[in-house]
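K.L.:
Residue-level listing of the chains:
There are 2 protein chains.
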Amino acid sequence: MKTEKISEFTINRLSIYLRCLNLLAASGVTTTSSQALAEQFQLNSAQIRKDLTYFGEFGVRGVGYNVTELRAHLNEILGLDRQHRIGIVGAGNLGMALANYRGFEHECFQVAALFDKEASRLGITSRSGVVVHHIDELDEVVARQRIVIGVVAVPAENAQEVVDRLTESGISAILNFAPVRPNTRPGVQLKTMDLAISFESLSYFLSDSGQDGPTPP
Amino acid sequence: MKTEKISEFTINRLSIYLRCLNLLAASGVTTTSSQALAEQFQLNSAQIRKDLTYFGEFGVRGVGYNVTELRAHLNEILGLDRQHRIGIVGAGNLGMALANYRGFEHECFQVAALFDKEASRLGITSRSGVVVHHIDELDEVVARQRIVIGVVAVPAENAQEVVDRLTESGISAILNFAPVRPNTRPGVQLKTMDLAISFESLSYFLSDSGQDGPTPP
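Note that the protein sequences, when read in sequence, are chains A and B.
Residue numbering for the first sequence follows this note's numbering, starting at 15 and increasing by one per position.
Residue numbering for the second sequence follows this note's numbering, starting at 15 and increasing by one per position.
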């Protein structure tokens with residue numbers, strides 16, 4: 015499967031390029047280049063060209079990229095030209111925050127259901143109108159609601175069990191917010207969101223190295 | 015300032031290398047190499063060497079890296095050898111979820127205070143024991159609690175105001191969870207957590223390109 019050949023870093027960079035192109039399009043720019051993108055958004059132009067090469071020939075040498083076309087290509091590559099329905103397991107603070115998150119552009123990602131095992135949370139509706147089901151209804155709701163992405167928003171000690179149940183329900187793409195690395199079956203893509211990593215780049219900035227360290231070549 | 019020269023991608027990769035080294039150390043491995051790291055954790059060995067070169071000479075050619083030493087260096091570079099106190103603005107679901115997040119290793123990051131403007135939330139304590147203060151107490155609590163990292167966990171429409179208030183309170187490192195890009199003053203490091211990007215790499219996996227696309231060189 016290609017995901018094992020094209021790294022997750024590459025895919026994450028495509029997402030970033032797409033956001034930059036969206037910003038350019040919004041300000042009326044119709045053509046750009048890897049150099050211009052790199053300068054405006056502090057990226058690496060050689061990296062941009064290399065990342066895009068994996069997926070075909072997009073630019074015209076000496077002319078650059080057509081912003082509209084490249085956006086369409088990236089949307090297609092990333093699978094953002096269709097809707098993906100999300101089921102969140104764990105209806106605590108994190109699950110509810112994710113259900114209400116308004117950063118999913120173009121409604122490409124739609125939270126369809128929440129799941130929990132605590133009786134006090136069942137039947138509750140998120141601000142955005144998503145209902146909390148009992149975890150025992152997972153298989154049925156996943157099938158009925160055509161859910162393809164599962165989110166793990168439970169404490170670390172329950173994460174493996176939830177990953178197993180999501181996998182058994184037929185879900186092959188899982189985003190895990192618990193600070194552990196659950197095991198998965200072959201063919202299941204699990205991505206763990208490590209919130210500490212975001213803080214570490216700020217910590218770097220606050221450190222001595224971030225203030226006056228060596229200059230790269 | 016060096017953060018403008020060394021890219022955030024590099025810093026994020028250092029965080030990942032550190033996690034890999036921590037796993038190796040936990041399983042008793044004492045020496046590794048860029049090739050071994052790349053193979054075991056699906057990284058790029060040339061990238062590892064290049065990223066580390068920015069910060070000095072760590073490995074011995076033909077021998078590799080001493081795991082303990084490289085971990086210590088990375089901890090120091092990332093500023094993880096000291097404690098950073100965090101203030102979270104917004105005590106809704108997201109703010110509370112972050113206050114209770116148990117993924118901050120070694121207690122290097124400690125959530126010291128929550129802030130909100132809604133009367134119903136003031137004085138509430140998170141599961142982890144962090145108290146919600148009124149946002150008008152920000153300056154005083156930031157100074158008293160020696161808070162150095164601010165987190166924006168409010169709706170998009172309030173994010174800019176919160177970034178401004180955090181900056182005025184003397185905080186120069188901000189992690190923003192609102193799906194907008196607030197403006198900052200020079201010298202302030204703001205990182206926006208785009209939760210949609212995590213879903214996009216899963217969406218790629220579910221797409222045609224993720225299933226059977228071209229093979230990279």
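Note that these hints are calculated values from the structure, not bench results.
Using N, Cα and C, we set each Cβ at its ideal position, and we do this for glycine too.
Accuracy of the hints is not assured; some may be wrong.
[To be verified] The calculated DSS-like cross-link candidates involving lysine-lysine, where the alpha carbons are at most 30 Å apart (straight line), are:
no., chain 1, residue 1, chain 2, residue 2
1, A, K64, A, K131
2, B, K205, A, K64
3, A, K64, B, K131
4, B, K64, B, K205
5, A, K64, A, K205
6, A, K205, B, K131
7, B, K205, B, K131
8, B, K64, A, K205
[Claimed, not checked] Just some of the chain B residues that point at chain A, by a computed CB distance under 10 Å:
no., residue
9, V81
10, T82
11, K131
12, V194
K.L.:
Compare the structure with each hint and give your call.
P.N.:
Consistency of the hints with the structure:
1. Restraint check: the Cα-Cα separation between K64(A) and K131(A) comes to about 46 Å, which exceeds 30 Å; the hinted pair is violated.
2. At most 30 Å may separate the alpha-carbon atoms for a hinted pair to count; K205(B) and K64(A) meet this at roughly 25 Å.
3. For a cut-off of 30 Å, the pair hint linking K64(A) to K131(B) is broken: about 47 Å separates their Cα positions.
4. At roughly 24 Å between alpha-carbon atoms, K64(B) and K205(B) fall within 30 Å of each other, so this suggested pair holds.
5. For the given pair, K64(A) sits about 24 Å from K205(A) by alpha-carbon distance, which is consistent with the 30 Å threshold.
6. For the hint pairing K205(A) with K131(B), the CA-to-CA distance comes to about 35 Å; that exceeds 30 Å, so the pair is violated.
7. Proximity of K205(B) to K131(B) is assessed by CA-CA distance (about 23 Å); at most 30 Å being required, the pair is judged to hold.
8. Under the criterion of a C-alpha separation no larger than 30 Å, the hint pairing K64(B) with K205(A) is consistent with the structure, at around 26 Å.
9. Evaluation of the V81(B) hint against chain A yields a violated restraint, the C-beta minimum of about 19 Å exceeding 10 Å.
10. A hinted interface residue such as T82(B) counts as satisfied when its beta carbon comes closer than 10 Å to some beta carbon of chain A; here the least separation is about 19 Å, so the hint is violated.
11. A hinted interface residue such as K131(B) counts as satisfied when its beta carbon comes closer than 10 Å to some beta carbon of chain A; here the least separation is about 18 Å, so the hint is violated.
12. Below 10 Å, beta-carbon pairs count as interface contacts, and V194(B) has one with chain A at about 9 Å; its hint therefore holds.
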